[in-house]
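Visitor: Each chain, written out:
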Amino acid sequence: MRKLAIFSLLAFRAISGIDSYASSAPAPERIQRGEELQVSSAEVGRYGGTLVVGQRAEPKTLNPVTATDGPSREVIGRMMADLVHINRVTQQTEPALASSWKLSTDGRSFTVKLRQGVRFSDGYPFSADDVVFSFRVYLDEKVHSPNRDLLTIGGKPISAVKIDDHTVRFDMSQPYAAAERIFDSVAILPQHLLLKSYEQGSFAQALTLNTAPDTIAGLGPFRLKQYLPGQRLVLERNPFYWKADRDGHRLPYLDEIAFLFVGNEDAQILRFQSGETSVISRFSPDNYPAMAREQQNRGYDLVDLGPSLEYNFLFFNLNELPPDKFQQISREQPWFRDLRFRQAISLAIDRRSIVKLAFGGRGVPIWGNVTPGNKLWINRELPHPERSIPQAKDLLRSAGFSWDEKGKLLDLERKPVEFTIITSSSNAQRVKMATLIADDLAQLGMSVHVVPLEFRAVMDRVFQSNDYDACVLGLGGGDADPNGDMNVWMSNGSTHLWNMHETKPATPWEAELDALLNRQLVTLEYKKRKRIYDEAQALIANNLPFIFLASPNVLVGATKQVANFRPAPLEPYVLWNADELYLRQQGVATAK
Amino acid sequence: MRILDYLKRRFLHAVLLLAAISVLTFGIAQLAPGTFLDEMRLNPQISAQTVDSLRVQYGLDQPLPVRYLRWIASAFAGEFGYSLAYNMPVSALLWTRMRNTFLLGTTAMLIAWSLALPLGIWGAFRPKGWIDRGNSAISTLLLSSPELALGMLFMLAAARFGVLPTGGMTSLYSEQTGFAVADVIRHLAIPATVLALVAAPMLLRHVRAAMLEAWNSPFVKAAKGHGIGNRRLLLHHALPAAANPLISLFGLSLAGLVSGSFLIEVIMGWPGLGPLFINAIFARDLHVVMAVVMLFSVLLVIANLISDVLLYAVDPRVRAEC
Numbered sequence: 001m002r003k004l005a006i007f008s009l010l011a012f013r014a015i016s017g018i019d020s021y022a023s024s025a026p027a028p029e030r031i032q033r034g035e036e037l038q039v040s041s042a043e044v045g046r047y048g049g050t051l052v053v054g055q056r057a058e059p060k061t062l063n064p065v066t067a068t069d070g071p072s073r074e075v076i077g078r079m080m081a082d083l084v085h086i087n088r089v090t091q092q093t094e095p096a097l098a099s100s101w102k103l104s105t106d107g108r109s110f111t112v113k114l115r116q117g118v119r120f121s122d123g124y125p126f127s128a129d130d131v132v133f134s135f136r137v138y139l140d141e142k143v144h145s146p147n148r149d150l151l152t153i154g155g156k157p158i159s160a161v162k163i164d165d166h167t168v169r170f171d172m173s174q175p176y177a178a179a180e181r182i183f184d185s186v187a188i189l190p191q192h193l194l195l196k197s198y199e200q201g202s203f204a205q206a207l208t209l210n211t212a213p214d215t216i217a218g219l220g221p222f223r224l225k226q227y228l229p230g231q232r233l234v235l236e237r238n239p240f241y242w243k244a245d246r247d248g249h250r251l252p253y254l255d256e257i258a259f260l261f262v263g264n265e266d267a268q269i270l271r272f273q274s275g276e277t278s279v280i281s282r283f284s285p286d287n288y289p290a291m292a293r294e295q296q297n298r299g300y301d302l303v304d305l306g307p308s309l310e311y312n313f314l315f316f317n318l319n320e321l322p323p324d325k326f327q328q329i330s331r332e333q334p335w336f337r338d339l340r341f342r343q344a345i346s347l348a349i350d351r352r353s354i355v356k357l358a359f360g361g362r363g364v365p366i367w368g369n370v371t372p373g374n375k376l377w378i379n380r381e382l383p384h385p386e387r388s389i390p391q392a393k394d395l396l397r398s399a400g401f402s403w404d405e406k407g408k409l410l411d412l413e414r415k416p417v418e419f420t421i422i423t424s425s426s427n428a429q430r431v432k433m434a435t436l437i438a439d440d441l442a443q444l445g446m447s448v449h450v451v452p453l454e455f456r457a458v459m460d461r462v463f464q465s466n467d468y469d470a471c472v473l474g475l476g477g478g479d480a481d482p483n484g485d486m487n488v489w490m491s492n493g494s495t496h497l498w499n500m501h502e503t504k505p506a507t508p509w510e511a512e513l514d515a516l517l518n519r520q521l522v523t524l525e526y527k528k529r530k531r532i533y534d535e536a537q538a539l540i541a542n543n544l545p546f547i548f549l550a551s552p553n554v555l556v557g558a559t560k561q562v563a564n565f566r567p568a569p570l571e572p573y574v575l576w577n578a579d580e581l582y583l584r585q586q587g588v589a590t591a592k
Numbered sequence: 001m002r003i004l005d006y007l008k009r010r011f012l013h014a015v016l017l018l019a020a021i022s023v024l025t026f027g028i029a030q031l032a033p034g035t036f037l038d039e040m041r042l043n044p045q046i047s048a049q050t051v052d053s054l055r056v057q058y059g060l061d062q063p064l065p066v067r068y069l070r071w072i073a074s075a076f077a078g079e080f081g082y083s084l085a086y087n088m089p090v091s092a093l094l095w096t097r098m099r100n101t102f103l104l105g106t107t108a109m110l111i112a113w114s115l116a117l118p119l120g121i122w123g124a125f126r127p128k129g130w131i132d133r134g135n136s137a138i139s140t141l142l143l144s145s146p147e148l149a150l151g152m153l154f155m156l157a158a159a160r161f162g163v164l165p166t167g168g169m170t171s172l173y174s175e176q177t178g179f180a181v182a183d184v185i186r187h188l189a190i191p192a193t194v195l196a197l198v199a200a201p202m203l204l205r206h207v208r209a210a211m212l213e214a215w216n217s218p219f220v221k222a223a224k225g226h227g228i229g230n231r232r233l234l235l236h237h238a239l240p241a242a243a244n245p246l247i248s249l250f251g252l253s254l255a256g257l258v259s260g261s262f263l264i265e266v267i268m269g270w271p272g273l274g275p276l277f278i279n280a281i282f283a284r285d286l287h288v289v290m291a292v293v294m295l296f297s298v299l300l301v302i303a304n305l306i307s308d309v310l311l312y313a314v315d316p317r318v319r320a321e322c
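Chains A and B are the protein sequences, given in the same order. Here the working numbering is used: the first residue of the first sequence is 1, the next is one more, and so on. Here the working numbering is used: the first residue of the second sequence is 1, the next is one more, and so on.
Don't read these hints as lab results, they were simulated from the structure. Note that the coordinates shown come from a computational prediction; the quantities given were computed from them, not determined experimentally. Even glycine gets a Cβ: it sits at the ideal position worked out from N, Cα and C. A couple of the hints might just be wrong.
[As the list claims (entries may be wrong)] Here chain A is said to cover these stretches of chain B; the calculated rule only asks that three of the stretch's residues, wherever they fall, bring their Cβ under 8 Å from a Cβ of chain A:
id	stretch
1	27-35
2	88-94
3	150-161
4	165-173
5	242-248
Could you put together the complete structure from these sequences and hints?
Guide: As structure tokens, then:
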């Protein structure tokens, strides 16, 4: 009995301390002569340890060409590398697998010099053939890569031509202003492992979660070690990684990164607070106060990175609809199409209250499509009109609206102004925003109903059936460059939410906007391009196809053990510099 | 031979039932607004042409009967359709998760029955006693507590005291310690307890009611009159008489507990079918939804079949009816 008790005690202690067991990651390879390493400017760290990250959902694939969901991209981004990378803090490009690049004088071709002596995570040498192969795959229509659209300029896909083993030329049909930014997040693939599946037409099925780790290789700081369905995915150090610290130690410092699939934000927070995970990426402002109270006791630091690139907005259904099918919406559309009506609504919305109540004060009110989080492109001259119910009423009066004796707003036909705002029920902040808007607009005498719907039901109404009056949505979060949003603002864009069926500009201002956006697309000089994009932002803000509301701050956290932690307001917020992160103490980085 | 005829009949009913469930589920799932590709549509960096070509590639442009027949063909081939989210056959997603769900469900069921059976029998043996009254109060409290709230409460306690993990199924590196099984048990503790606490009150009430009825029946009173002791009377006479409804309940509780664990799996990060199923519904990954629904329909049918066979074996009245 005593033996059993001792055994049980030992077993319990062993299990309780399981996370302190050492990982079995490979040691970094010795740096070889002729290996052209990139030197990191970050603080010099120490090797070892496992960084544990809680993910709300599990990744769906390990294929960088077809991945579209956030968790997959977060994992793949640590396993793969691109030619040129956007530094998430400065938002500027910096060399990655390309040691340098040169734009031709006509702005139509890039010549990229590749780093010498780089090897994939399986030790196989990297060359220009891998780059050419990768772009062939991304641009193949049959592969259906979401990146293909970004790599298509002026309606024609860019072409990659091998000049020699370490030089590749990219030709474009027209000059392209975003320039080398297009190479960011285009992962370079190992031709020696994937050529066969590509030629057999099964590339989309290659690199799934069930693919054996030893048949996956990349150029990122980590490589796949283990995937347990529904539980976790563990990456281990790529011993051949092409970056080193200032003292000449090959990165990454961490032995492993373990992604635990926790299911939802509440569980993510609970696990972070209980010390089971080391970092937390973008949590809701609702949870900030409670987490902040525990910071000191539990040994972690929270960081408010300020406004994200996400912009939330209200928009009206301005689609051309068959009046017989959508009688009610068709009757309301003359209001929605009147700029004075939209201006009045914009003036009546209390954006500061939205920030306070929907984001707990951790956000900023916005009046344009570029948020203060986008340091390079925001037009700081845009007016920020303060909320004014009298001015809003004047505008409505000038547009022919009137009020009955009970204060209800009536349109030109003396019918009450009443409409519905739909929004995604899974996004608590947007439901709050819609509710606050309804309250604000009640002060103008409008009767506004908020209908939270399941996300895909909202998408179906906006994109397919067009059966809605108004909608609150959010966009942004990708690249800071204006080109990422071209499909929203171009009249024939596929995300032209307020009027999905435009093939040519429906209004003069949209024609002007198309022209401005096309001009900025081929303007290579930043200052000139910024001036044009400032004009475009002003045009959007003046014509209010979207009534911009607020942008939430990016809130992240890490335990005190995690060093070189430099989160950024661009995705992936906390792991973008995973190769530089290190742990102050060995073991698994967790809170107290 | 009669048992074989009985089983044949039950099997035919089961096949027809499953066919009807598959048609209904497929139809209802397709009625839900939105498609798997909608999230992509909201990404301004993906063109409408790319989304449309994916729609064609995935066969989402085909009429409903064609899509259904394709799924049936795939199910017979053992793949149960193709997951659009994971880009792989659904069967590859199911088996590991199914094992985990069964582990949780059966553990919870064992705990629930281990609590319900003795407490229910004791409640019937000593009605209105302090144990019976305590059971009644606790089971009322548990019945009125939502599963979600109970789960969150246990998770918060685990986070606070740090004795048990707040979620998941295994610890990192548990395989290196030699205590992998003990580690799984440690992770099972909270979700299995929550599920058992949710299921046990209902089972307890059924056991108590069935036992009370048997205990108060004339044949038990007659046996008492013959001087048979309480222990023998309870276990050898009243319990077999009360077994009929309990056997039916056992089958239902088996299927119910396994599918009922979905919500707990989601909130506690248990890597079972629950999170896969819920995410597939929201993502409109319909073949995954179909496969999970069919899997549990089959389980329900099998559980009912087991109950029926057990009833056939223990109850002569059922045998006489067949």
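Visitor: Indicate, hint by hint, whether the structure satisfies it.
Guide: Each hint tested on the structure:
Only when three residues or more bring their CB closer than 8 Å to a CB of chain A does the claim for the stretch 27-35 of chain B stand; here the count is 4, and the claim holds. Counting residues of the stretch 88-94 of chain B whose beta carbon lies closer than 8 Å to any beta carbon of chain A gives 3, which meets the minimum of three for the stated coverage. With 5 residues carrying a beta carbon less than 8 Å from a beta carbon of chain A, the stretch 150-161 of chain B meets the three-residue requirement, and the given coverage holds. A stretch counts as covered by a chain when three or more of its residues have a beta carbon under 8 Å from one of that chain; for the stretch 165-173 of chain B and chain A the count is 9, and the coverage holds.
With 0 residues having a beta carbon nearer than 8 Å to a beta carbon of chain A, the stretch 242-248 of chain B misses the requirement of three or more and the stated coverage is violated.
Hint violations for this structure: number 5 only, all remaining hints satisfied.
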